[in-house]
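Going by this note's numbering, 354 is the number at position 134 of the sequence shown; the sequence numbering is gapless.
Possibly wrong hints are sitting among the right ones.
Result set (DSSO-like, lysine-lysine): computed pairs, CA atoms no more than 27 Å apart in a straight line [what the hints assert, rightly or not]:
no.: 1; residue 1: LYS338; residue 2: LYS240
no.: 2; residue 1: LYS233; residue 2: LYS338
no.: 3; residue 1: LYS256; residue 2: LYS242
no.: 4; residue 1: LYS351; residue 2: LYS338
no.: 5; residue 1: LYS242; residue 2: LYS283
no.: 6; residue 1: LYS256; residue 2: LYS240
no.: 7; residue 1: LYS277; residue 2: LYS256
no.: 8; residue 1: LYS338; residue 2: LYS242
no.: 9; residue 1: LYS351; residue 2: LYS242
no.: 10; residue 1: LYS277; residue 2: LYS242
no.: 11; residue 1: LYS233; residue 2: LYS351
Hints were generated in silico from the structure; no laboratory data involved.
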Amino acid sequence: MSGEEEENAAELKIGDEFLKAKCLMNCEVSLILEHKFEQLQQMSDDPRNQVSQVFEKSLQYVKRFSRYKNADAELNLNLSSTFRILSRYQLTEFELCVLGNLCPETVEEAIAMVPSIKAKGRVHDDEVIDKMLNDIAMIKKFD
Numbered sequence: 221m222s223g224e225e226e227e228n229a230a231e232l233k234i235g236d237e238f239l240k241a242k243c244l245m246n247c248e249v250s251l252i253l254e255h256k257f258e259q260l261q262q263m264s265d266d267p268r269n270q271v272s273q274v275f276e277k278s279l280q281y282v283k284r285f286s287r288y289k290n291a292d293a294e295l296n297l298n299l300s301s302t303f304r305i306l307s308r309y310q311l312t313e314f315e316l317c318v319l320g321n322l323c324p325e326t327v328e329e330a331i332a333m334v335p336s337i338k339a340k341g342r343v344h345d346d347e348v349i350d351k352m353l354n355d356i357a358m359i360k361k362f363d
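With the hints as constraints, model all of the structure from the sequences given.
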């Protein structure tokens with residue numbers, strides 16, 4: 221063995237590179253990709269600036285699965301509300317983004333998606349997790 225710990229998201233062992241990286245919500249990625257798409261469209265005369273199929277599919281994905289409104293002002297308000305509310309629960313950025321992006325509806329779903337919220341030493345019992353999910357539900361976009 222190389223002495224390195226095996227990665228395990230359930231225990232928040234997600235690797236040094238990932239721990240140092242900024243986690244983004246799908247709606248944030250959508251804004252970034254939309255801005256880049258607009259730039260590429262403006263320079264579309266140059267064949268090197270054509271939008272790839274992977275880029276288009278990525279943009280479609282984050283738009284489809286974004287749980288928050290996409291108007292810039294509303295999005296910023298929703299994101300700051302989400303982060304502020306979820307910060308009360310002492311979540312890591314990784315946990316916060318997973319829960320904020322996936323918006324689980326039940327305690328069981330939340331624990332299945334982010335097992336670390338129920339890890340030993342954490343104060344998240346089922347009642348606290350349910351309250352957290354209700355807080356997220358109040359902010360997310362309803363289609």
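Task: Hint check against the structure, violated hint numbers in rising order - done: none
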